[in-house]
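Dock chain X against the given chain Y, drawing on the hints supplied.
As you go down the protein sequences, you meet chains Y and X in turn. Numbers 1 to 117, taken from the numbering used here, label the letters of the first sequence in order. Numbers 1 to 117, taken from the numbering used here, label the letters of the second sequence in order.
Please note: incorrect hints may appear among the correct ones.
[As the list claims (entries may be wrong)] Residues of chain X placed beyond 10 angstroms of chain Y at every Cβ, according to the derived structure:
1. Ser62
2. Arg63
3. His77
4. Glu84
5. Asp85
6. Asn104
7. Arg113
[Said to hold, decoys possible] Derived DSBU-like pairs (lysine-lysine); straight-line CA-CA distance at most 30 angstroms:
8. Y:Lys109 - Y:Lys3
9. Y:Lys3 - X:Lys36
10. Y:Lys109 - X:Lys40
[Unchecked claim] Only some residues are given here: those of chain X computed to face chain Y with a beta carbon under 10 angstroms:
11. Lys52
12. Glu56
13. Pro66
14. Pro69
15. Leu90
16. Gly109
For the record, the hints were derived by calculation from the structure and aren't laboratory data. Beta carbons are placed, not taken as given, at the ideal position from N, Cα and C, and that holds for glycine.
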Amino acid sequence: AQKVTQAQTEISVVEKEDVTLDCVYETRDTTYYLFWYKQPPSGELVFLIRRNSFDEQNEISGRYSWNFQKSTSSFNFTITASQVVDSAVYFCALSDSTTGANSKLTFGKGITLSVRP
Amino acid sequence: ETGVTQTPRHLVMGMTNKKSLKCEQHLGHNAMYWYKQSAKKPLELMFVYNFKEQTENNSVPSRFSPECPNSSHLFLHLHTLQPEDSALYLCASSQETSATSSYNEQFFGPGTRLTVL
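In isolation and in its complexed conformation, chain X is listed as follows:
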């Protein structure tokens, strides 16, 4: 496997279900991100992890729960979602070079297309 992979590619779930999205990066990067892409909206940053530590939670509802066990893996645990949460969820990674701002490009996975019924 190369680059950033995401599973599953498609997911349909009911509002009472619990599911998880998985992201794995094979690039040796130290930062990982979750984005939400809804129709007709810009990409919305949800969470940022830097060296396994969460450094950003962009006011995301608690029904989305991220987990980063190591620098290569990132999960997004989902429970009691709403239909408006239906979207493409994209994972990305980058190589951060310092504790202060960095400007390195992010590499994206193919996304998980989530439909909440």
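With the rest of the complex left out, here is chain Y:
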């Protein structure tokens, strides 16, 4: 069965520090997708990124970067030069074919990131 583990529950950093949020997944499928979502205090989950299992290239988007390593089943997320506005709960999620039709996501428990001024 698919599983997503976010071992870190809460992280607190000072503004401008870099921070890495870890995500480890389990799936028996060879085709799957990984996602990161951000949930600010307003409650809405904001989609950040989707990567498929055949593309292991790291991705950078502004201050955000993602490191996908199939060998360790990890999809870690790094925020460079963190800002107070980055304070939120961050969820890693997995979608694979064993979840059936539709984009059914298996979420991790989330990591609460607090960025202090």
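Relative to chain Y, chain X alone:
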């Protein structure tokens, strides 16, 4: 309106009340979802609708009754709830591209914060 909207944003109800949550997506998607987010727990998928047809009921108690009159609207009818049903209820939508598995990202609404007294 853009994206996914949910009303009301906050709801307090007694155990004998009947209420409904509403979700509307303005993205032209064909699939909609209800999730429950309780404190310290991963997001729990409750229901999935694909082209207005319910394709998933994740062992949800019958006191939760979904309704999807069209691809843009989704309701969650509530009756005789329990205090443990207090949670953030999130609606999401996605564009499914085939009858088999798809991996498209889901777009979430801001949620309804439900408190059952």
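Q) Hint by hint, which ones does this structure get wrong, listed from lowest number up? A) Hints 6, 7, 11, 13, 14 contradicted; others consistent.
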